[in-house]
Amino acid sequence: MAGRDERPGTTGSRGSRLLGCVALASLVVLGVLAFFLTGPDVRIHPTTGEEFGQFDAVRMLYLHVPMAVLMYASFMLCAAASVGVLVKRTPWWDVMAHSTAEVGTVLCGLVLVTGSIWGRPVWNTWWEWGDVRLMTTLVLFLLFAGYLALRRTTTDPRRQERQAAVVALVAVLDIPLVNRSVAWWENRTLHQRSTLEELKIEDLTLFTLMFSFLTFGLVVWWLTLQRFRVGWLERAAIDHAVGSAIADRRSETSADELDAAIGVTDEQVGEASP
Amino acid sequence: MTDDAGPEPPSFDLTPRPARPASGTRRGALTLLLLLVGGMVFVLLRTLGDASLFFYDVAEAVELRSELGDGRFRVVGTPQPGLVVTESDGGSAVVFTLCAGDVLADVVHQGDPAELFQPGVPVVLQGAWTAGRPTALDGLSNAAGDGWYLRTDHMVVKHDNDYRADGAELAPCGAAG
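Line by line, the protein sequences are chains A and B.
Okay, so the first sequence: first residue is 14 according to this note's numbering, each after it adds one.
Okay, so the second sequence: first residue is 496 according to this note's numbering, each after it adds one.
No lab work stands behind these hints: they were computed from the structure.
Ideal Cβ positions, reconstructed from N, Cα and C, are used throughout, including at glycine.
Watch out, some of these pointers could steer you wrong.
Stated by the list, open to error - Listed next, with one range per pair, are the computed distances between beta-carbon atoms:
#, chain 1, residue 1, chain 2, residue 2, range
1, B, 579, A, 55, 22 to 28 Å
2, A, 172, B, 660, 43 to 49 Å
3, A, 226, B, 522, 37 to 43 Å
Between the sequences and the hints, there should be enough to build the whole structure, so can you do that?
Next up, the structure:
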């Protein structure tokens, strides 16, 4: 991550390129683990003796779950950076808040899509209105989409930063509702309770899930890094444009015009001259 | 000018104000924001509208039968072995007995069942209580036979969170338990 006073001239660096390559290689390994080495979820029912489970749909677990956890992490980082915006009032915090919010919103959208794709074969529905886990996640997505839209509606950067920071801090209040909904309102959601909290997963399935956390962690780290640098360069470009405009205005305006503009007469100028 | 030449003239701020975004972009962002707010209101209304449709378990649904009347509700339970595929009202139907603990309820489900529907795996059904005993129920080996059945048309599977090869901590239920 770029330092607070560091102004990168490009979004790439040796470190970030290496990070990108490692993330890419990890994605390939994850694909092999998820689609070839791990088996489908097939169990024998203890009373009927028949096969049951999620079968091949279980492979969506390796995408959906890490993306959901990293979505929480991105939004929490956004909230922490928003506190920094309100307290420290430096551009670094604002760029960080904006970057993590964008990455988190993309992840949230993907969580909704992958959940829906998985829900069709396993639940028999693409979407259930009224399901508390689905609804709170959709609200989280809309809140942060609103955050991103808000950032484009005002022309005053200072005001925009503060407003966005407040919206982010309100929006993250939905995260505990999303996360705990399966435990708090068990009879209002189809969604299963946490598998990891109850450790109902083992062997290669557990390893692949852990590896997917690592892989998507690298991907999200790389994405956030790139988005931060793009944001920082955007700010640098705006600052540079403003500085150039001031210099141009000063060079176009003669001393007499300046004095006239601020209401200083020739006599006052003569009296003030040594 | 020197320091003793009197008060400094007011400074003239030449700092250009930030350029306003193109009005089209600004209008587009505002429209997007309005759409998002509208979307959230829609979601909240839908959620609140469906708030009464939480899942009763079979025992609650049986206990509250007179209160529920002919209104639609959701019920969660475990299908018992011995499903009957039949025809009802000119369409396909699946007839089975749903249970929670020792409480049973007969079900006539209109339409195709869920892909992963099978005895012993909990489902959430949406429908209403209906008085009577259709002949299709005669094929059930362990029917509730209490003069009522659930007529449902929406079925989703409520799977567990267990991914262990021998993990199947499904609550024992009725004849399957």
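Results for each hint:
1. 579(B) - 55(A): 22 to 28 Å: Given a distance of about 26 Å, which is inside 22 to 28 Å, the answer is holds.
2. 172(A) - 660(B): 43 to 49 Å: violated, 57 Å
3. 226(A) - 522(B): 37 to 43 Å: holds, 42 Å
Of the numbered hints stated above, the single one contradicted by the structure is hint 2.
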